[in-house]
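*Asks:* Okay, here's what each chain looks like letter by letter:
There are 4 protein chains.
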Amino acid sequence: MKTKIITAICLVLGISASAQNVNNIQMPELLNKNSRQTINVPNILGYQTLKCDFHMHTVFSDGIVWPTVRVDEAYNEGLDAIAITDHIERNPSKKDVAGDDNSSYEIALPRAEQKNILLIHAGEITRSMAPGHFNALFLKNTQALDTPDWRDAFAEAKKQGAYFIWNHPGWKAQQPDTCLWWDEHTELFENGMLNAIEVFNEKEWYPIALDWCMDKNIAPHAASDIHGINSEMYNLKDYHRPMTLVLAEERTEESIREALFANRTIAYFGNNLAGKEEFLKAFFEAAVEISCFKEKGKEKSYSIKNTSDVPFFLSSEDKSFTIPANGETILMIKNDAENMYAIKNLFIKGTENLQVSLKLQD
Amino acid sequence: MKTKIITAICLVLGISASAQNVNNIQMPELLNKNSRQTINVPNILGYQTLKCDFHMHTVFSDGIVWPTVRVDEAYNEGLDAIAITDHIERNPSKKDVAGDDNSSYEIALPRAEQKNILLIHAGEITRSMAPGHFNALFLKNTQALDTPDWRDAFAEAKKQGAYFIWNHPGWKAQQPDTCLWWDEHTELFENGMLNAIEVFNEKEWYPIALDWCMDKNIAPHAASDIHGINSEMYNLKDYHRPMTLVLAEERTEESIREALFANRTIAYFGNNLAGKEEFLKAFFEAAVEISCFKEKGKEKSYSIKNTSDVPFFLSSEDKSFTIPANGETILMIKNDAENMYAIKNLFIKGTENLQVSLKLQD
Amino acid sequence: MKTKIITAICLVLGISASAQNVNNIQMPELLNKNSRQTINVPNILGYQTLKCDFHMHTVFSDGIVWPTVRVDEAYNEGLDAIAITDHIERNPSKKDVAGDDNSSYEIALPRAEQKNILLIHAGEITRSMAPGHFNALFLKNTQALDTPDWRDAFAEAKKQGAYFIWNHPGWKAQQPDTCLWWDEHTELFENGMLNAIEVFNEKEWYPIALDWCMDKNIAPHAASDIHGINSEMYNLKDYHRPMTLVLAEERTEESIREALFANRTIAYFGNNLAGKEEFLKAFFEAAVEISCFKEKGKEKSYSIKNTSDVPFFLSSEDKSFTIPANGETILMIKNDAENMYAIKNLFIKGTENLQVSLKLQD
Amino acid sequence: MKTKIITAICLVLGISASAQNVNNIQMPELLNKNSRQTINVPNILGYQTLKCDFHMHTVFSDGIVWPTVRVDEAYNEGLDAIAITDHIERNPSKKDVAGDDNSSYEIALPRAEQKNILLIHAGEITRSMAPGHFNALFLKNTQALDTPDWRDAFAEAKKQGAYFIWNHPGWKAQQPDTCLWWDEHTELFENGMLNAIEVFNEKEWYPIALDWCMDKNIAPHAASDIHGINSEMYNLKDYHRPMTLVLAEERTEESIREALFANRTIAYFGNNLAGKEEFLKAFFEAAVEISCFKEKGKEKSYSIKNTSDVPFFLSSEDKSFTIPANGETILMIKNDAENMYAIKNLFIKGTENLQVSLKLQD
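Heads up: the protein sequence lines correspond to chains H, R, F and A, in order. First residue of the first sequence? That's 70 in our numbering, and the numbers climb one at a time after it. First residue of the second sequence? That's 70 in our numbering, and the numbers climb one at a time after it. First residue of the third sequence? That's 70 in our numbering, and the numbers climb one at a time after it. First residue of the fourth sequence? That's 70 in our numbering, and the numbers climb one at a time after it.
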């Protein structure tokens, strides 16, 4: 009500010129201040760590928002790149929505350029299992993938230079019993049409899919698959949306493409990271800084600082402790013997954590 | 990560049947728990106080969400009734959106019925000033209002039994100098085509429009006029969205219609209420309970409890204090002399607050 | 920065009188607005449901705050009554803190009277197991309980008319293997010196202790046992602190005493209630309102509204759903057959939930 | 309730060994996760920017918490150094609190060493105006300052090597009309006993005191002067507590001492910084990174990123915009003409903002 106070003062002083102020009082305190926030993840191994979500929907398939909303969400949340992946084969709103399978990309593109968000032209090949749902990225004409036979759709995408992601492999609607790899996936993989797998989709994490990625050298991804409103769906106060971290030479579409085909990805979901050991190790080491601030005989006190948004939950036989996100903890060591820890939220296999040895010297 | 712990236990125990559990781990902690919350405002004067927002947009004009989103937002925020008021004359998305001016109502209706939200068939007559923008409620065919001459649109709406709200009268795009009442508004008012005025729209409050309402017996309204996403636009942690409180016999569309034409409304925006003195007085008295808990000579201590979501900012010559929303404060009185207060956030005129005398007896 | 804007206007207008305003700018936006909030729990069975925490510490034993802080915390959080229960036998700060075992009560009392908080004179008999730690309420002179033999301390308390609560019976420091009932507890119970048990203390819940309460007709309690700062310790954004709900005739110390000795208590911790079936049933029925709003053949839709701060997690063989706190949910029933539910967060035994039959008629 | 689920599974499997688990269920979700958070301010001009609060109280004067609480608060909030400055001459709790004027330092010191917080030995010389209240830092024996004549107290402090801060110079209790500099302050200043002034105290900002600092080369400070509980007093969700940023060679007490006597301080309160132009300029330049991402004729789009917790509110004749804390904004420039801005929340004089020229090249 600040403006009213001003108004009051002005009235007391007998000012009449500011009539519109009296008659139109702005109350910005009722509104949220939305602005782009930074996602704190370190650049590693000489690459930029780009924050990407390659799976989302709009009113042009079964989503409920206009394509520009996806750009605005990505901008506010601090992402670098997105792909709108409307279902190619079905569209519940079609009666009331015109356009074609390229429309969501075309509508969102000017906003993406304005907001400095990299927008990847894409679409979701939506088939029954096997092979299930696949996102095809870097398309030129999504409409051309709308074919009766799924093999034709994949072939067309491949012709356009697509990068293929197997979406939500353990989704119960298509894999009611468990998360299985089918012959069709072998076929696709061997033909270069299975470049990545979502080890995490929306709110589901498929550990076995990470094993497949690590065994066959496939890129692990995480994605929102958002149909609704991202800030309502996700608890963004405590976590970021699920995303794929891409280790790219530069912040360009070309660099992302190169990095994706080179399997330089980390799946980031909740407080978890899943990916190659070398990537996770580099991430941890770049994020964490350790220094000894007190020494008394064999007893030493260390300050361990974390500059990233990812907390680290460390555990050894003796003790468990957390290095909080964007924060610091103190570790007291009675002797130098043991300093190997498993980081319980960093996965290098479906059920295997990154092991680290803390550098506890002064 | 609770499910992983379970998983671990199960694995230790050599259980293999739960394979899908291992391969598909749900992480609901990443999601918001969205549910319908209660808006605490008292029923007064024998009426139910219905929470209504009669002004909002969808992709069927220049909004960015599908019509069902407006129902879901209203449900979660605790509203009773809404009207989707897409612009009749213009539609920036028309190239890509099919349907007509009735589509948003028709698409939203089944969801409204499912979620027990009263959905009023409506549209926004969007003309230059004068007369500016008007919402027409209780329409039968919004499309019929798409006429070249604005007088024809109003006549058609009137024929359909419409209730007319003058929207954002002080909007600077149409009233650059100040908030003015034009001859056209006299014409409409005299012909029963100006039943209500938004004294608050989106984030703007027009005190002078409340004076018009009180002088001419017009119903004051408050509305979101939301085009984007409500929970992103508004600071819903500290405030509700702006809304019109309707004092209705029952929670039905018919009752709302009767109450609106009878001018039984209160505009509710931020922490403010604007409306007839008798309504605001009844609201305050129904929300507040006072009791003396300590007496020592002429010094008495009172507990003042507020069961509503509206705090009350009281001010007399001597002192200012707040009765917090859904809370309680303590008032210590040294003698009985003075207990008249202005409630700075309750407006019975554009610049006039409700005056109350606290009943400070034991 | 509102005041600066005003300042700027005033300066422009050449006003010099408000020099102190320019030189002393208040910035209340940097501060929290602390006020008493309401805990929404229904009055039941003709009683007032008083919100009580009978276990907490100050600098007069091993707590870290001044006694008045406990009153202020209770006031802000909406409690009705508290007992400060400083350890009688030990006091780590004693070198630097004067006073005796009555000091914390005496210092807190004037503030409690000022803030309308009922303050029960009390102390914690702090002995090794068995019998462990006991709070004695309604004391006249806590100091007199500082005796070498624990039986003397209990006898003295009994002489003063005390009500005895067995604190944290499953605390691992005293019950390393499991939560056991010792012969000493039988002795105390048979001599009327074991009136209540904390089935919940701080962050620990002892289901077996609820069984003891139900089997022997002992009052179940929940308490914070706070030593630090309550708002830092507890997640007060999502939960209240643990507390004992006391079903009292009136909001007076005498009524609390009568109700406690009559075993009219419910332990309330997190989202859970633990206590006698009749109390929990009455609580649920008073909090919840069900109405049918849609009927289509055998399919009916019900709105279920909850006016309390306790959500209800219902579960039957067919379905699970939540009635959110201070909110509403919709239940769709395909036929009338099944409407028996266990409420997973209401405990009438350590491992037994309240069963309810929803009244699903229109 | 996660552990209960596990329990349930175990029970089903007929495991009995985990009895204590069943009888003692931990509910950590009811608690806050408190950990040390990072305050993001850049190191500048070759110095470390240390976060310091040199003014606070405990139960050893009129505060309400034990001295260790001040260390814990400082640790959790990310501070580097604090001084506990209990009033030397008065102590409302003295009847019940033993110890002397050094006690709060001595009690807090072991905790400070354990938590790596630099604790400065200090006390508040609490006299009527003039000269009012002064903090003396780097004392050896605070007790020795408890003298009848204030000049003796200052002389004793000076003998101990003290650094003197004039506290809350505009406090209305001592300066009812306006914020004045008295002859006594000239005397102290000329004798090296007025090294710093709080331009901000608790929630009050004294612009004129910043003018004195800049005119006479006195160090500007900001301090909490906290008597209560810091996290309850301050809105720590949106702001840090008020603090003095000290530009020190190293993170040691000696370095802080050197930096303070060299006037290398910035007062940081709310979103505001107050201090020497060169310091604020260096702060802004170290915090902000600008890059051009789009160019179309004379129209260029810049991304402006801010890595600090301080937002910057920029304003020129043409436009106003905010560079959000830990975030990013986009600036579109139609031609290169104008890029001088005042930063409305950075003060180099009481009513003068830092001016910056944005480097808008690609």
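Calculated directly from the structure, the hints in this document are not laboratory data. Worth double-checking, as some hints may not be accurate.
Chain copies aren't distinguished; within one or between two, either way the pair holds.
DSBU-like, lysine-lysine: derived pairs with alpha carbons at most 35 Å apart [stated by the list, open to error]:
1) K209 with K428
2) K306 with K164
3) K272 with K285
4) K413 with K363
5) K403 with K184
6) K365 with K285
7) K350 with K184
*Asks:* The structure should be examined with respect to each hint, and the outcome stated for every one.
*Replies:* Here is how each hint holds up against the structure:
1. K209 with K428: neither (49 Å within a copy, 38 Å between copies)
2. K306 with K164: neither (37 Å within a copy, 37 Å between copies)
3. K272 with K285: The answer is within: 24 Å in one copy meets 35 Å, while 46 Å across copies does not.
4. K413 with K363: within (28 Å within a copy, 42 Å between copies)
5. K403 with K184: between (52 Å within a copy, 16 Å between copies)
6. K365 with K285: neither (50 Å within a copy, 45 Å between copies)
7. K350 with K184: Close inside one copy (33 Å) and across copies (28 Å); limit 35 Å.
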